[in-house]
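A.B. asks: Generate the whole structure from the sequences, applying the supplied hints.
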Amino acid sequence: DAGVIQSPRHEVTEMGQEVTLRCKPISGHDYLFWYRQTMMRGLELLIYFNNNVPIDDSGMPEDRFSAKMPNASFSTLKIQPSEPRDSAVYFCASSQAQLNEKLFFGSGTQLSVL
Amino acid sequence: KNQVEQSPQSLIILEGKNCTLQCNYTVSPFSNLRWYKQDTGRGPVSLTIMTFSENTKSNGRYTATLDADTKQSSLHITASQLSDSASYICVVSPLSGNTPLVFGKGTRLSVIA
Numbered sequence: 003d004a005g006v007i008q009s010p011r012h013e014v015t016e017m018g019q020e021v022t023l024r025c026k027p028i029s030g031h032d033y034l035f036w037y038r039q040t041m042m043r044g045l046e047l048l049i050y051f052n053n054n055v056p057i058d059d060s061g062m063p064e065d066r067f068s069a070k071m072p073n074a075s076f077s078t079l080k081i082q083p084s085e086p087r088d089s090a091v092y093f094c095a096s097s098q099a100q101l102n103e104k105l106f107f108g109s110g111t112q113l114s115v116l
Numbered sequence: 003k004n005q006v007e008q009s010p011q012s013l014i015i016l017e018g019k020n021c022t023l024q025c026n027y028t029v030s031p032f033s034n035l036r037w038y039k040q041d042t043g044r045g046p047v048s049l050t051i052m053t054f055s056e057n058t059k060s061n062g063r064y065t066a067t068l069d070a071d072t073k074q075s076s077l078h079i080t081a082s083q084l085s086d087s088a089s090y091i092c093v094v095s096p097l098s099g100n101t102p103l104v105f106g107k108g109t110r111l112s113v114i115a
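Chains as they are written, first to last, in the working numbering: chain A, 3 to 116; chain B, 3 to 115.
Keep in mind the hints are simulated off the structure, nothing from the lab.
Just so you know, not all the hints are guaranteed correct.
Here are the simulated lysine-lysine pairs, BS3-like style, with alpha carbons at most 25 angstroms apart [to be verified]:
#  : chain 1 : residue 1 : chain 2 : residue 2
1  : A       : Lys104    : B       : Lys39
2  : A       : Lys70     : A       : Lys104
3  : B       : Lys39     : B       : Lys59
4  : B       : Lys107    : B       : Lys39
5  : A       : Lys26     : A       : Lys80
6  : A       : Lys26     : B       : Lys39
7  : B       : Lys19     : B       : Lys39
8  : B       : Lys3      : B       : Lys73
9  : B       : Lys59     : B       : Lys73
10 : B       : Lys107    : B       : Lys3
11 : A       : Lys104    : B       : Lys19
12 : B       : Lys107    : A       : Lys104
13 : B       : Lys107    : B       : Lys59
14 : A       : Lys104    : B       : Lys3
15 : A       : Lys70     : A       : Lys80
16 : B       : Lys73     : A       : Lys104
17 : B       : Lys19     : B       : Lys59
18 : B       : Lys73     : B       : Lys39
C.D. replies: Here it is, written out as structure tokens:
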């Protein structure tokens with residue numbers, strides 16, 4: 003298996019633009035997580051899905067953030083409009099059958115909003 | 003509030019030396035504690051897992067310890083190598099099945115020649 007695949011690896015955009023981050027989890031994994039990582043705050047959970055259903059989105063910072071999982075092999079995290087304080091590394095992770103099993107992370111998307 | 007605190011924030015050591023990273027947590031009850039290694043530009047990768055009943059677990063040159071009474075864990079790296087340069091993140095799993103993992107902010111380790 004290729005592991006969790008994220009795209010793009012790097013995204014540079016201007017304030018106010020829409021940003022879409024993409025994730026393909028490991029096949030057969032029931033849980034998918036979106037995390038944001040900054041030096042100041044470390045890894046923060048934004049939202050997670052179980053069997054494609056959003057379970058907890060309490061970590062989504064504002065209404066500008068939205069996430070979808072239309073099927074078991076694809077998820078998106080969208081920011082509209084983007085702001086400079088959204089600059090961070092965004093990770094997607096998946097786990098097999100339980101919420102707190104070992105997480106498998108993608109390589110992340112480095113987002114810079116100018 | 004469930005929290006995980008790691009120390010030191012960063013550490014620089016010479017190649018071949020040993021080091022110990024600390025993790026203190028308030029998550030209770032918990033089911034397991036993991037250490038993840040995160041190389042620069044990559045996502046974290048699980049190194050070790052310890053359940054509440056385990057005291058020590060080794061993975062090559064990495065040895066993790068756990069004291070559930072004092073809510074402390076440590077990660078000891080023996081005979082460090084340049085490839086050990088990374089961030090090491092302590093992650094605690096609450097026993098409650100519907101509470102997500104609690105992450106520390108990590109220790110940034112730099113091994114220099």
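A.B. asks: Each of the hints needs a verdict: does it hold here or not?
C.D. replies: Hints versus structure:
A threshold of 25 angstroms between alpha carbons decides the hint, and for A/Lys104 with B/Lys39 the separation of about 13 angstroms falls inside it, so the pair holds. For the given pair, A/Lys70 sits about 22 angstroms from A/Lys104 by alpha-carbon distance, which is consistent with the 25 angstroms threshold. Our distance criterion of 25 angstroms between C-alpha atoms is met by B/Lys39 and B/Lys59, whose separation comes to about 16 angstroms. Distance restraint check for B/Lys107 and B/Lys39: the Cα-Cα separation of roughly 12 angstroms lies within the 25 angstroms cut-off, and the hinted pair is therefore satisfied.
For the suggested pair A/Lys26 and A/Lys80, the alpha carbons sit about 15 angstroms apart, so the restraint of at most 25 angstroms is met. Restraint check for A/Lys26 and B/Lys39: the C-alpha separation of about 22 angstroms stays at or below 25 angstroms, so the hint holds. Of the pairs offered as hints, the one joining B/Lys19 and B/Lys39 holds, with about 18 angstroms between alpha carbons and a cut-off of 25 angstroms not exceeded. For the proposed pair B/Lys3 and B/Lys73, the alpha carbon gap of about 14 angstroms is at most 25 angstroms, so the pair holds.
Simply put, B/Lys59 and B/Lys73 have alpha-carbon atoms about 16 angstroms apart, close enough for the 25 angstroms limit, and the pair holds. With a CA separation close to 16 angstroms, the supplied pair B/Lys107 and B/Lys3 stays within the 25 angstroms bound. Taking the CA atoms of A/Lys104 and B/Lys19, the gap is near 29 angstroms; set against the 25 angstroms cutoff, the hint is violated. Our distance criterion of 25 angstroms between C-alpha atoms is met by B/Lys107 and A/Lys104, whose separation comes to about 18 angstroms.
Note on B/Lys107 and B/Lys59: the hinted pairing holds, with a Cα-Cα distance of about 22 angstroms set against a maximum of 25 angstroms. Distance hint between A/Lys104 and B/Lys3 is fulfilled; the C-alpha atoms sit about 23 angstroms from each other, no more than 25 angstroms. Of the supplied pair hints, the one linking A/Lys70 and A/Lys80 holds, its CA atoms being roughly 9 angstroms apart against a limit of 25 angstroms. The suggested pairing of B/Lys73 with A/Lys104 holds, with an alpha-carbon distance near 21 angstroms, which does not exceed 25 angstroms.
A threshold of 25 angstroms between alpha carbons decides the hint, and for B/Lys19 with B/Lys59 the separation of about 20 angstroms falls inside it, so the pair holds. Using a Cα cut-off of 25 angstroms, the hinted pair B/Lys73 and B/Lys39 holds, with the two alpha carbons roughly 21 angstroms apart.
Of the hints listed earlier, the one the structure fails to meet is number 11.
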